[in-house]
Structure formats: C-alpha cells, structure tokens
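Engineer: Using the sequences plus the hints, can you model the full thing?
2 protein chains.
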Amino acid sequence: MAVTAPAPAAAEAKAQMPRLRPVAGNHRIAIESVTPQIAYGRYPVKRIIGDQFQVSADIFGDGHDRLRATLLLCRAGTVDWRMAAMQPVDNDRWSGAITLTEPGRHLYTIEAWTDAFASWRDRLAAKRQAAQPLTDEFAEGVALLAEAVRYADGNGRTTIETALASAQRDAATAVDLFLAPALETAMAEWGPRRRVTRLEPARPLVVDRAEARFAAWYEMFPRSQGTVPGQSATFADCVARLDDIAAMGFDTIYLPPIHPIGLTNRKGRNNAVGGSADDPGSPYAIGSAAGGHDAIDPALGTLADFQDFVAACRERGMEVALDFAVQCSLDHPWIKQHPDWFEFLADGSIRYAENPPKKYQDIVNFNFDAADWRGIWRALRDVVRFWIAHGVHVFRVDNPHTKPYPFWEWLIREIQAAHPEIIFLSEAFTRPKPMHQLAKLGFTQSYTYFTWRNDKVELTDYFTELTRGDAREYFRAHLFTNTPDILPRFLQTGGAAAFRIRAALAATLGGLWGIYNGFELCENRALPDSEEYADSEKYEYKVWDWDRPGNIKPFIAELNRIRRENAAFTDGLNLEFLPADNPRILFYARMAVDAHESVFIAVSLNPAGDEAAMIDVPLTRLGLSNDGRFVVRNLFSDETLQWAGPQQSIWIGPGRPIFAFKLAGPSDA
Amino acid sequence: MAVTAPAPAAAEAKAQMPRLRPVAGNHRIAIESVTPQIAYGRYPVKRIIGDQFQVSADIFGDGHDRLRATLLLCRAGTVDWRMAAMQPVDNDRWSGAITLTEPGRHLYTIEAWTDAFASWRDRLAAKRQAAQPLTDEFAEGVALLAEAVRYADGNGRTTIETALASAQRDAATAVDLFLAPALETAMAEWGPRRRVTRLEPARPLVVDRAEARFAAWYEMFPRSQGTVPGQSATFADCVARLDDIAAMGFDTIYLPPIHPIGLTNRKGRNNAVGGSADDPGSPYAIGSAAGGHDAIDPALGTLADFQDFVAACRERGMEVALDFAVQCSLDHPWIKQHPDWFEFLADGSIRYAENPPKKYQDIVNFNFDAADWRGIWRALRDVVRFWIAHGVHVFRVDNPHTKPYPFWEWLIREIQAAHPEIIFLSEAFTRPKPMHQLAKLGFTQSYTYFTWRNDKVELTDYFTELTRGDAREYFRAHLFTNTPDILPRFLQTGGAAAFRIRAALAATLGGLWGIYNGFELCENRALPDSEEYADSEKYEYKVWDWDRPGNIKPFIAELNRIRRENAAFTDGLNLEFLPADNPRILFYARMAVDAHESVFIAVSLNPAGDEAAMIDVPLTRLGLSNDGRFVVRNLFSDETLQWAGPQQSIWIGPGRPIFAFKLAGPSDA
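Those protein sequences? They're chains Y and G, same order as listed.
Take 1 as the starting number for the first sequence in our numbering and just add one per residue.
Take 1 as the starting number for the second sequence in our numbering and just add one per residue.
Hints may contain errors.
Same chains, same label: a pair holds when it works inside one copy or across any pair of copies.
Below are the DMTMM-like pairs computed for lysine to aspartate or glutamate, each with C-alpha atoms no more than 25 Å apart in a straight line [stated by the list, open to error]:
| hint | residue 1 | residue 2 |
| --- | --- | --- |
| 1 | K433 | D470 |
| 2 | K127 | D176 |
| 3 | K358 | D529 |
| 4 | K433 | E200 |
| 5 | K358 | D485 |
| 6 | K433 | D65 |
| 7 | K433 | D398 |
| 8 | K358 | E531 |
| 9 | K433 | D90 |
| 10 | K359 | D122 |
| 11 | K127 | E532 |
| 12 | K433 | D58 |
| 13 | K359 | D65 |
| 14 | K433 | D92 |
| 15 | K359 | D136 |
| 16 | K336 | E140 |
| 17 | K358 | E184 |
Don't read these hints as lab results, they were simulated from the structure.
Structural biologist: Here is the structure:
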C-alpha cells in the first residue's frame, strides 16, 4: 500500500517539501482551476504586505477517500515554506489563506493527499452504523497508528501511543477509541499521507509594500520651482517647496528626468525645432558632456544636492520617484562609448527617433536588436541600481511600450530580487493590450485611460473592467489628473470646478492618484487644438506663483486627509458603483470588510451647475434595516445627518463637487 | 540589425520550423490569450476531421513595426508542420484557420515576426506623404531586397530581382517601385523576418473521426437477445437482431462485458447475495477459469463467433462498442497470477469491493497504489489492444472516476498514438468536476446528467453550460435515455409518451445519443423506490418480444432518419434555445453556417396532454424579413406550411411530442 513518502514530521517538513515530488503515475489527486492565477502561472499575481492571500482550487481524487490539502507559500529562491490547511467549501472547491508578511516575489502551490486514517475511520463508522462485522478493520487501524507513531511528536504522539497500546491490549474497546475526536485530530496531523500530489508548477506572487497600492503623487518639474525668471531652479528651490506640497497631503514627489540635457538638435519653446543653448531643452533628451543617466543636470545642482532633496522629502514623510526614460540625446556619452547600441544611417549620421512623419530630432533610441543587447540591458539595470543606492525607491518609466517586453520582465525581476521595496510605474499610454501586458510582466502600477474618461457611463465601464475583471490580479491603476504631456480638454474648458471634479474622482476611485504641478493652480492654457500645455516648462524655465488666486490647494488637502483617515481607500479594488438617478452624478462606495468602515462617495460630473440625485444606500448589506433611521457622517465637514430608508436625495454644487460619508450606525432618535 | 534567423525558404521551412526557437531576450512579440486552449495547453482541445480549426490570439509587439503571424499545426511526434497566415481582426486580436485532415493528437502554435520590408515601406510612404526627403531610406530598402533575394523562389524571386535591379539602376523611380503591390506580396512571403517569436509551449489538439461527435448507439444485452427462456442467447442470436436495430437507424451496437463471469459470490436475481451456478451472474464480475478480460463468456460463444458478430455489424454499416470495466471477479486468472495487484485481508482472503455500508461481494478492485502499478496499467492497455486487434474501435468505460486519473490520460494517449480512430466513452456518473476532468484528460465522449434533466429550466441551463462554456472545447455529451442501471422515474411513470419525449430530446439536443434495449418497448418496471429495472437482465436471462405492442420503434426510426438527413445535427455545439411562451414546451435550433440548413425543434415535455405555445423564429438572422411570408418544411411529414412573421403558434400532443422544421425559403405566394 505505501508507495508514497510517509507523512513528514513537522520538523522535517520545511526541508522535505520542496524536494518532494509526485511519483510519476501516482499523482492521483486533481488540483484544478486555481484562483488566483494569471495565465496558469505565467505571470505573477500581486498583493500587499498584510494581505490575507486566499487561494482556492478544485481538489478531488478518484474514489471515496478523505482528502486533505495545504496551501504552501515561500519567498522565491528559498525553501522556507509556510503552510495553511485548506478547507472544503462546496462542490470539490477548497480554499485556504496565508497572511503575507514579507515583500518580494513568492511562489505558492497546493499539496493534497488522502488521509489514510480518516478514510479508514469513515469506513469503520459506516460499518458500525450498519451493524456489520468490524474485525477485519482493526488490523488496518492498528497498522495506521503504528505508522503514525514513528513520526508523531508532542501531544499528538502521546494520544496516538495511548490509543495504539489500548487497541493492542483490548480489541473490545477499540471501536470507540478509534472514533474518538482527539485521535482524529492527532492523526490528521501525523497520520500517513497517501497519494501526495503537488500542483505544478508553483505559481508566482509578488508582494509589495503598502505604497504600491496607496499613494498620492505630486509631479514636480524641478526647473520651475524657483523664483528667478529665465533661470533654472535648483534642488534647493525644490526643497523650499516641500512644506507646501506636504500640506496638500501628498506623499510621493515625482521628478521628470533630472539628468544633463543634450545640446544637439535641442528643442526650443513649445517644442520648436532649432532651439539654442539659451533654451533649457527637453529633460527627456538625456545626456551631454556632463554625463548620462547617472548624472545630474548641472543647472539643478550636484548629486549631493539631489541627496539633500531626497533627505528633505524623507524628513517630511515623503519619498522621491524618479523618471526612467530609456533614450538618449545625441550627446549622451554612451553614443561614443557604445555606437553598436544605436543605428546609423548610410551617411554615418545617427538615426534619431521618428514615427513618420513625426520626428524627434533631439532623441536617439536604443537598438534593442543589436548584437550586444545584453550590454544595453545591463547598463540600464545599472542606472536603476545607481539611483536606488542614492535613495530612490520608486521609478516612473517613460513609454515602456516602445521597448522590448522581455527587457522589462527581466529588469523588474532582477531589481526586485535584491530590492523588493522598489516600485515601478508604467507610463504606457497605448492600446489596452500592451498596457495590460506590461502590468502582467511586472510593473507595480500603471497609468490608465482615466485621464480621458469623463462621463458616468465611461467611468463606470472602465473602473468595472479594472476592478472586476482579470486585471484586478495584476493591474494597479494610478489615476493622474494631468501630466506634462496631457492637459485634458475637460480641464481646458471647465474652470476650477473641472479641476475639483477630476481631483475628487482621482483621489477616491482608486488607491493611487497624482497631479502634475500647476493642477492645483487650475492652470489650463493649452496650445491650439491640442492637449499640450501652452508655454510648457518641458521646453522653458517658468516661475509660478504657488499661491495664486483661484488655487484649489485646500480642497486637495481635504481629499488627501479623508483618504488617510479612512482605511477603505487603501484597497484599490473595493470599488462598487451604486444607483443614482442622475447621469451627471456618479455614486459609489469603497467597501470595507467592516461595513461601518465603508465610504460612500457622490461626485457631480457637471462643472457648470448644481446637480441633484436620489441615491440608493445598500443598508441591508451594512447590517441596517431598510425601515430604520440611521446616522451618516459627512467626511468633509464631520457633521452628522439623520436619514431614514435607503433612498436619499442629495444635492451637489460645483464649488465642492463631492459628497463623501460613512454610516455612523443606527440612529438613537 | 539581423539578430534573428533569416526568413526560411519554403522548402526549408518544414525542417527548420520545429527547431527554430526564440533567442532568449529577443522574443519581443507578445502572443497572449490564445483561444481555444484548455488550462494554457495542459489539456487538448477536441475537434473532428474536416473541421476548420480556428485559432485566435492577442499578438502585438513594442513600437510601430508591422507584424505578421502564422498558425502552425502538426501531428504530435512529427515535424510536418502545416501553416496558415493569421490576419488581424481588431484591437491586436489575430485569427487564422487550418482545415483538419487527419485524426490523432496534434500540436498547434503561433509564430509571429516583424516584417522588416513592410515596416520600412510604411515609413517610406508616410514620409513621401509628408514630402520629407527619402534618400536615407533607399539604402535600407535595397538591403532588404538583397537579403530577400537570397531565399526567394519562383515568381516572387523574379519580382524581387527585377525591383532590386531597377532600384540599383535608377533611384529616381525607386519610390514607386518600392510601393508597388506586387513587390509587397512577394516580400511578405520572402522578405526578412525579424524578432521571430513562437508561442511556447505548443498546445495540444485531438482530432477524431466523425463518429466521435455524431452517432446513435443501441446498448444490447447479449444474453437476452435469444428466444429460449432460462438460457443464454449467443452471438448468433445477436446477429439475428441486427436488421431490426439497423431499421431503427442506430449505427453503434454497444455490448456490456462479454467475458467469462466469476462463480464465487455470484449474484442472483435482482442483485441477491448468494446466487447459484444456475444464475448467469453480473457480467461486470469479469473472469473465471474460462479466462479474463480478453476471453469470451462461453455461454455467448467463441472469439470467432464474436468476430462474426463484428463482421455482421460492419456489413450493416454499424460498429461495435465494447464495455471496458476495470475490475475482476474473485475467480479472475489475474488474482492468482498477480496477487500483488490486489489487496488481501489479515485472514488471507481477498478484499472485495465495498463502499460501506454497500458491499460488492462478486467484484474485486485493483490496488492502483501497488508497487507494480505499472504492471496493472500495461495489462489493462493490452486488453484494449487485444480488442482493437479483433475489430473493436469504440470503448465504453465503466466507472472511470474510481480509477486513477493519470491512468486514463496515459491509456488513451498510448492507444490513440497508434490508433487515432479509437473512441472512448466515459461513464462517470459522479460529481461535475471529476466528470469534466475525465473529459479533459482524453475521453472522447462523456455520459451526462441529461438522464435526470426533465424540465425546461433544467434542460436549458444544463445544455447551455455544456455548449456555451469552456466545456465545449473538451466535453462531448453522449445523451442516454436509460442504461441497465438507470430507469429514470420520468420513464417509470409517464407511459409511452414519456419514452417518446426522452428519445426526441436525446436525439436532437446533441450529436450523440443512445438507448438501452427495452427502451424501444417502453419497458418501465422498476424495483420499488429505485431506478433499477425489476428483474434486470444484469442478473438473469430474459427473452423479449422485440415487436411487442406499444413499442415506439417507428418513432425512433424517424428520429434517426431526420438526424441523418440534416447535417445540422452533426455539430454537437450548435444548439441555441429560442423563446416559447409555455414552460412545458422546449424550443431550440441546431444552427448551421448556411442558415437554411438550420433545424428548429419544439418538444413538449408533458407526457399527459396537449401543449400549445407561441414560438419566436429568428427570421432576420436567417436572412428573412420579419414582415414577409415564408415556407417551412416539417421534417417528419415533409409537408410544407406558409407562415408570416416570426411569431407562430404551435400545438404538440403526446402521440408525437416533437415538431421539427426547416425554413424552405420565402414564400412565392
């Protein structure tokens, strides 16, 4: 009978488990339809430290034997397996969970086996019930106990030894003894395991720190943080801005490239061809005689200045996100050092970037098809490592969809293997499938189409797709209201109310949101018929009045305050749309396990006037009666209201286009 | 630039393709979300010879290069790849198809690459459109032509050579020449392929012969086909029955086990414990001194007699399906030859089958956990091989869910590798997940819960699940009205009308249906409070009057006739439920690609009286106007009716509880 390995003692289990493999032909238990998993384990699912990681599967054998199953989890590359018993749920479906405690890539799998003692005990009980002779069964029961006692430890061993001795001494009492609950418990742990089957291959899981799922970003264009017109700001100027940004409640300061900028073909104001050395040029034209991706633009300061800036952020509870733009100016040191990484024309000139008929004369792309593509990959990895060594733990990646997918998968795994705390944000404003592919391959967070989704149907459809479909396992939406490249038309035309609406949505529809500086000032001047900012600081120095009239800084601070004060905002996937009878009012909840922690949010999508709606609060799901009275607390004003019944009439104006509340419980009145 | 292999010439392609692997780090094209596939290729999808095998996938690269993709298919174990170009459909989705011509296990995969010439041509065209200088492009175009000409063949070679010569001679005409359609076609075939990426692993596909999906089975209990009471019929008696069965339109004669039957613990009438040698015993108690699974029960005849029976079936266009029951009587020769394949009790007696408190005293199961499990597997495989050698190409497998899943996967692959025409039917009346698992593992066809699904909601839900969910790729439902173990209560109580209803449903809801002999006689006597037949021929000899009054043989013959005459019945997955406003009338279509071949079927589920309903015919989908008149042809009577509009009133009585029609086209009237 015993073909498979005996039950490992707990002390041995850790060492044995990773080596234990099903005997060919003997993996008799089916483990199917595992959730979560992406493409059968080709890509990792994503979770956060502290999450309960729940895994379910169909688990069933042939015949009638009793099964047991364990969820197994370990850090990739280790053999330190953690275990949690899985329980049958319904219809051959089993489920188990382990709380995640460490960041980094993990592997999870399932092991199932038949419990020889429990199966035998079932047969014994059925025969006793039917008053059939039991003698034939006893020898087998004794043999199972004897096998278990060889491995058992602690109290379990005592229980099994005692039962074994009694059964051998006095067969008359054996049945009651065999069926005793204490023995069942001991034998479940120590009894022989037959037909041990493991799910292969183990599935990957990436566990991130909390900020991967919950953060408020402020994109700061460093050259424009100063006070002297026509001159670059420095990192010292940037430090001076931090208290103002912290007061708005942001926790991540994201900087576009801070590296030396190429001179050749430098762009002038508003992206004009033929800028001069007086123009600062686009910071995305990385590299000059002053250095490349691991150098600092001398106009901004030194590496030491940058490190002071990082320290100043940290003192305020903020961290720095750097842009990682995989491209070079024509003056980048690599072009001379590694000409084979780039493409040259027949006339010997380098091929600058173009997407005909568009030309990007100040930028050169890598040729990832080059023979030394491995050299390119390593050099770029070393750039990331360099900035990690200088205190940067978050990278926003520019246009990843125009570089090879395998490069990103390799880079992120390579970096996170040594630095599991590193966060990568994918700026892939492209078609949906490449956008999702990058998330599957490892990007921690992703830019989205939110920036262009304005009406109720669009927002409902898009966020339902992101939070209810397969994407929930791998795609973490980062909701930006604007970027240096995108001033959406809704903001160009809707005045300050439009800015409030978009901030309210971005801050409350997900876990991650961000603004690009100037948003708080309601800056809305675009180039004609374009989403490009007029006089963009991408191509010139600007000086802003950060307190200019009409700014919405207090409103943004309020949004970030209610996000911080209410734990329901930290889960990016708990969004649920609820009924409101006005197509210009979006009503939704951020549901919490504890229903009273759930937050309800109504946002008016109309920047031009007041809106009213009848909303439906799902009282019964929150443990409240549809007939009773209850108290709601306004999260902005902290005022309470007495409501009766699930249908409530609300009114929202453009001055504060959001109404957010919690249920404070049933009313005393 | 050229890192990847050059485009293989057509003559080399076959040999090269299977060896061609993406260069690590260079498989830059994503091939994702392939359909069909089961568990990412862990299990094969199923198709029939003659099917168009359509495969779709998301295919996309980084950047803007033009992609091409090919579907590749070959018999497993060969390198004889067939290819079909895939075409973009929408939103990065591509699709291609290959007509299946051979039975057996296949592998399919997708290869995608960037078409260097087409990508370059796009850039050239865009620049010309924008009146930008083109000179830099010419050298690259010439190089691409020169690369292609090294591999090109036939007309393509001539086109490319001519273009190359002209371009080298006269740059002024080069642009028009480069953009000429004939050159595009030639270069699509012969031009350089970059970034070649192949989907890994290749996915399995099993191609079966037509009978795997479309057949009408008659289960014949051989011992009861004779005329002398109390005595076994012989194969000669069985032959005498064939014309009658052929007249009913069946094409497969399925026999329960025909092997010698054990004497020890032989069961008596109605499954009584303690039968005598005068009782024939259950044919599932396989094996006696006369032999085991490869022997013939002497009461039925000799192996030669059996072969005569097989030949007699074949002469009538029918084939034989044998039962494969993996169990032994206590007298099976293997028990003495291989005692290690079985389990013995402490007293030395063999452990017979039981599922406490139920006992199967005349049957012994194999111990698949035995050290020599490989020996058991091989012996059972050799049984199947033996019967294949004696003309049996269809096996109905008894209770496969109580034997190891890996055994079935191995057995079916092993057999079909040499004999791809062999069909395996799984009799797994068990929980849904084990039932489906066996289908995934390789069973050609599966018994279903149809036998117990009687009302409109149950039937609609169950058949929607089988034909619209993932199951459609691997689960072929075989619809039995009854079996020797199952006389459903609906048949016990509903009279002949109930038999007609169940036959009508079984014959028209899918491609595969079957009856167990006696059904055509409306035999409905059950043991009390049971689905077991009273006085079952499983345990005694019976003599039937195959023409006894009240039989429904003409009705069954009509059902099989309309199945044969209408190709829409051969596709088991083309079922579509349609509206009928009566819960006791089920209305559905078997949709055909050619809409006029579609068959519409209404079945009354009420055996006790007449039913009427308003049905909705989906005229517009069939190319007819909702306003016009049209002609329908009754498939039973061949009469035509003139109808106007999609809503029609029908009336069905228990005498013929089915109305089946085709649309014969618009009316002339």
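Engineer: Each hint should be assessed against the structure and marked as holding or not.
Structural biologist: Consistency of the hints with the structure:
1. K433 <-> D470: both (13 Å within a copy, 23 Å between copies)
2. K127 <-> D176: Close inside one copy (13 Å), not across copies (90 Å); limit 25 Å.
3. K358 <-> D529: Classified as within; 17 Å inside a copy, 81 Å across copies.
4. K433 <-> E200: Between copies, since 19 Å is at most 25 Å while 28 Å is not.
5. K358 <-> D485: within (16 Å within a copy, 75 Å between copies)
6. K433 <-> D65: The answer is between: 16 Å across copies meets 25 Å, while 45 Å in one copy does not.
7. K433 <-> D398: within (17 Å within a copy, 46 Å between copies)
8. K358 <-> E531: within (17 Å within a copy, 77 Å between copies)
9. K433 <-> D90: between (35 Å within a copy, 11 Å between copies)
10. K359 <-> D122: between (76 Å within a copy, 15 Å between copies)
11. K127 <-> E532: between (81 Å within a copy, 24 Å between copies)
12. K433 <-> D58: between (30 Å within a copy, 8 Å between copies)
13. K359 <-> D65: between (69 Å within a copy, 16 Å between copies)
14. K433 <-> D92: For K433 and D92, only the inter-copy Cα distance (7 Å) is at most 25 Å; the intra-copy one is 34 Å.
15. K359 <-> D136: between (87 Å within a copy, 14 Å between copies)
16. K336 <-> E140: between (79 Å within a copy, 23 Å between copies)
17. K358 <-> E184: Intra 74 Å, inter 24 Å, cutoff 25 Å: inter-copy only.
Checked against the numbered hints above, the structure violates none of them.
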